[in-house]
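Based on the hints, put chain B in the right spot on chain A.
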Amino acid sequence: MQFEAVRAHENGAKRQVTRLRWVRLGLETAAILALVDRALKREARHRAGLLATTTALAGVTMLDAWGAARQRSAVPVRLHATVTINRSPADVYAFWRDLKNLPGFLRHVEEIDEFDGLTIWRARGPGGLHLQWDAAIVADRPNERIAWRSLEGAGLDNHGSVTFLPGPRGRGTELHVDMGFDPPWGTLGAAVVKLLGEIPEQQLLADLRRLKQILETGEATASDASIHPGLHAARPPEPSSLPLVKGLVQS
Amino acid sequence: MKANCWYGKKQVRVEDVPDPKILNSRDAIVRVTSTAICGSDLHLYNGLMPTLEKGDVLGHEFMGEVVELGTSVTNLSVGDRVVVPFPIACGGCLSCEDGMFSLCENSNPNAWMAEKLWGYSPAGLFGYTHLLGGYAGGQAEYVRVPYADIGPLKVPEGLTDEQVLFLSDILPTGYMGAEMCGLTGGEVVAVWGAGPVGQFAIASARLLGAERIIAIDRLPYRLDLALKRGGATDVINYEETDVAEALREMTGGRGPDACIDAVGMEAHGAGAMYALDRTKQALMLETDRPLALREAIRCCKSGGVVSVVGVYGGLIDHFPMGAIVNRSLTVKSGQCHVQRYMRPLLERIQNGDLDPSFVVTHRLPLSEAARGYDMFLNREDGCEKVVLKAA
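If you read the sequences in order, they're chains A and B.
All residue numbers for the first sequence refer to the working numbering, where the first residue is 7 and numbers rise by one.
All residue numbers for the second sequence refer to the working numbering, where the first residue is 730 and numbers rise by one.
Source of the hints: derived by calculation from the structure; they are not laboratory data.
There may be inaccurate statements among the hints.
[Said to hold, decoys possible] Which chain A residues stay away from chain B? Per the calculated CB distances, all over 10 angstroms, these:
(1) Lys106
(2) Arg130
(3) Thr169
[What the hints assert, rightly or not] Where chain A lies over chain B, by a calculated footprint (3+ residues, C-beta under 8 angstroms):
(4) 742–750
(5) 860–869
[Unchecked claim] In silico SDA-like links for lysine to any residue, alpha-carbon gap of 25 angstroms or less:
(6) A/Lys106 / B/Ser754
(7) B/Lys1061 / B/Gly848
(8) B/Lys750 / A/Leu237
(9) B/Lys845 / A/Ala212
(10) B/Lys739 / B/Lys783
(11) B/Lys845 / A/Glu244
(12) B/Lys731 / A/Glu244
(13) B/Lys739 / A/Leu237
(14) B/Lys845 / A/Asp184
(15) B/Lys883 / B/Ser1086
(16) B/Lys750 / B/Lys1030
(17) B/Lys1030 / B/Ala999
Glycine included, each C-beta is placed from N, C-alpha and C at the ideal position.
Extracted from the complex, chain A is given alone in its bound form:
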């Protein structure tokens, strides 16, 4: 029953994405025409830069048109990361399944609410962008696997799964996480996801390391330099710089 409902939501979301794509294509074409018009009116020395911009925009638009014609989302992003945690699959599953724990280690997720198998995710995107979407838990096998998929109107179509395998010689849990994002805004959307400023797969691994630290040591580990964004002298930080870190436990 629930699965059928998800399917219907997904089909609705796809139709909406296609509509958005054609609207965007129209706007971009208008923008290009306007730019070309300005370029022709300006002095020659300004033309090169404007023409380059115009060409780039036209390139993106053509790719968008190609994507829209194929009626599917452009360049999906697929991430995988794995880590071994010295706690039983039951412990790791229970921690993950309590979704309010996820923002504690998934750096971009701010909050997750759950009711009746539906979840509401709030996340931070690039450039201070705030995203919110609904997702359904589409698989839930205790101590083995959890999978989720965003519903219609998610803004960022996405799905994911986490698998809990017993570790070597019965010690710990091998955690395998897969996440997929299908950016709605064509090639440019995918580029934005790619250019979050970091390497998304490495970021996912960093998130899982924080989960490992929380489960094995009680909290995410901080070093003097790691609590600053970017490289910074390894010396005790000024008190004013401390609140920059999310989830940093201070006693």
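Chain B alone, transformed into the frame defined by chain A:
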């Protein structure tokens, strides 16, 4: 507080920096009483380890008094006198459970950097590059100690700082170097480098039953110390004597059963190979100069063990793999799993088997750290080990 900070090649300065704070609930803040300059600090001083930042607080050999504790630390009290192991280890991951504390899987928040260089990340270390965590070091008045419920060892009354300070690194490191030789009694062991780690490797080889221990260095005062205090039975000055020939002669043509490299990436040497390695290192074509390691491999008995406790950071050239394969050599190495050795070695100190303070030649206030580095680097005034008094 005052702390010794790195500013570039051969530039360290004691500066005013913010006091450390409790960041995790298992942290402690320790007021440092004694801290030492390690041979591996000289690799940082010489700018040979990547990912050091201007302003980094150095130092990973230190001890002192607990002045503040995070809410989760219940086995220590404010006022306890502790020695702190240089690898930061959580005690809860699979590596820590297996006693491989320097491979702690949780203590390096910059694990991704170490993975780029070495494949996987080892533990974070105090004051030893960002690639190994970016933790402020202990050449300071105060230091934050993570996982304080696992690492720090309470010092029993009646022992001086200098008797126990080296439990933080060089004594266990030298001991592990000897332990990796798999001694059962009666062996011949050759030790390259008669610096403090070499001295403790020699002393440990003796404790573990080696019959003949040969110290190899170029500095007469270090070789003297190895003979008189470390427990070496023989010494070779490689600037005067061909090491391979001498070892062959001393062992009836067999070679030493085990060879310990207590030198690492900045070996000195003689001849064309030394000049070549030195040039390549200066041009960044090779990160480490493995002269002692090559010689240890070449000199080791067929079927013997080469134990490497000298620090290497990256890549070496002309590694004699053919000798290892064709002569069934075993090469063992590792940053010391200090937490594993602290208690047993403390007992050795308490019952008089060992007094590690014999390596100390210079005592300076923390404010003179720069002079200490310079003196240690240039082996001035018979310098073997510099202890900085922070309080």
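Results for each hint:
In this structure lysine 106 of chain A is separated from chain B by more than 10 angstroms, as the shortest Cβ-Cβ distance comes to about 20 angstroms. Non-interface status of arginine 130 of chain A relative to chain B is upheld: no Cβ of that chain comes within 10 angstroms, the nearest being about 20 angstroms off. Every Cβ of chain B is farther than 10 angstroms from the Cβ of threonine 169 of chain A; the closest lies at roughly 19 angstroms, confirming the non-interface assignment. By the rule of at least three residues with a Cβ nearer than 8 angstroms to a Cβ of chain A, the coverage given for the stretch 742–750 of chain B holds, with 5 such residues.
For the stretch 860–869 of chain B, the proposed coverage by chain A is satisfied: 5 residues have a C-beta within less than 8 angstroms of a C-beta in that chain, meeting the threshold of three. With a CA separation close to 21 angstroms, the supplied pair lysine 106 of chain A and serine 754 of chain B stays within the 25 angstroms bound. For the proposed pair lysine 1061 of chain B and glycine 848 of chain B, the alpha carbon gap of about 18 angstroms is at most 25 angstroms, so the pair holds. Straight-line distance between C-alpha atoms of lysine 750 of chain B and leucine 237 of chain A comes to about 19 angstroms, which keeps the hinted pair within the 25 angstroms bound.
With a CA separation close to 14 angstroms, the supplied pair lysine 845 of chain B and alanine 212 of chain A stays within the 25 angstroms bound. Using a Cα cut-off of 25 angstroms, the hinted pair lysine 739 of chain B and lysine 783 of chain B holds, with the two alpha carbons roughly 12 angstroms apart. Restraint check: the Cα-Cα separation between lysine 845 of chain B and glutamate 244 of chain A comes to about 30 angstroms, which exceeds 25 angstroms; the hinted pair is violated. For the hint pairing lysine 731 of chain B with glutamate 244 of chain A, the CA-to-CA distance comes to about 14 angstroms; that is within 25 angstroms, so the pair holds.
Restraint check for lysine 739 of chain B and leucine 237 of chain A: satisfied, since their Cα atoms lie roughly 21 angstroms apart, inside the 25 angstroms limit. Proximity of lysine 845 of chain B to aspartate 184 of chain A is assessed by CA-CA distance (about 22 angstroms); at most 25 angstroms being required, the pair is judged to hold. Pair hint lysine 883 of chain B plus serine 1086 of chain B holds up; C-alpha atoms about 18 angstroms apart against a cutoff of 25 angstroms. For the given pair, lysine 750 of chain B sits about 52 angstroms from lysine 1030 of chain B by alpha-carbon distance, which is inconsistent with the 25 angstroms threshold.
With a C-alpha separation of about 23 angstroms, the suggested pairing of lysine 1030 of chain B with alanine 999 of chain B holds against the 25 angstroms cut-off.
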